[in-house]
Amino acid sequence: MEIPTAPVVATGLLGGYLVARETEIRPLGGAVLAAAGVTAGRQWHRSVGPVGTALLSAVYLGGFGASHPLAKKIGAWPAVAAAASLSAGASWLISDRRS
118 MEIPTAPVVA TGLLGGYLVA RETEIRPLGG AVLAAAGVTA GRQWHRSVGP VGTALLSAVY
178 LGGFGASHPL AKKIGAWPAV AAAASLSAGA SWLISDRRS
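Reading the sequence shown from the start, the letters are residues 118 to 216 in the working numbering.
Since the hints were made in silico from the structure, they are not lab data.
A virtual CB, placed ideally from N, CA and C, is assigned to each residue, including glycine.
Honestly, I wouldn't trust all of these hints.
Taking CB as the label site, the calculated pair distances span [stated by the list, open to error]:
1) P144 / P195: 23 to 29 Å
2) G169 / E141: 20 to 26 Å
3) I120 / V168: 18 to 24 Å
4) A152 / G182: 17 to 23 Å
5) A171 / A148: 20 to 26 Å
6) K190 / G169: 26 to 32 Å
7) E141 / G192: 15 to 21 Å
8) R215 / G179: 18 to 24 Å
9) G206 / P186: 19 to 25 Å
10) E119 / A152: 15 to 21 Å
11) E139 / A171: 17 to 23 Å
12) L172 / I142: 26 to 32 Å
Kindly generate the complete structure, drawing on both the sequences and the hints.
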């Protein structure tokens, strides 16, 4: 079954942050991030192969990593929203629009 991955990665980043923030259990937020990443990664592998999957995974994880220092400059929610938007946009552009 094909699923659109743009909302999955956006949910992973936004939801992971929200869960970590509200529960104060960072690994739980990481589990949300990882579950969304695995779900999207499986679909990416089917639709764009291993190279596209590696690229989109790097954008997803890079956005997560970059949101931390960016949060110090613009605030946590804007940084997470920017990372989610970038990851979702890349996912749609590279993978989802082909479906």
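Comparing the hints with the structure gives:
1. P144 / P195: 23 to 29 Å: Check passed, 24 Å falls within 23 to 29 Å.
2. G169 / E141: 20 to 26 Å: Since G169 and E141 have Cβ atoms about 36 Å apart, the given range 20 to 26 Å is violated.
3. I120 / V168: 18 to 24 Å: holds (20 Å)
4. A152 / G182: 17 to 23 Å: holds (18 Å)
5. A171 / A148: 20 to 26 Å: Given range 20 to 26 Å: holds, Cβ gap about 22 Å.
6. K190 / G169: 26 to 32 Å: holds (31 Å)
7. E141 / G192: 15 to 21 Å: Once the Cβ atoms are compared, 19 Å apart, the range 15 to 21 Å for G192 and E141 holds.
8. R215 / G179: 18 to 24 Å: holds (22 Å)
9. G206 / P186: 19 to 25 Å: Since the Cβ atoms of G206 and P186 sit about 21 Å apart, the hinted range of 19 to 25 Å holds.
10. E119 / A152: 15 to 21 Å: holds (18 Å)
11. E139 / A171: 17 to 23 Å: violated (32 Å)
12. L172 / I142: 26 to 32 Å: Holds, since L172 and I142 (Cβ atoms, about 31 Å apart) stay within the stated range.
Of the hints listed earlier, those the structure fails to meet are numbers 2 and 11, in rising order.
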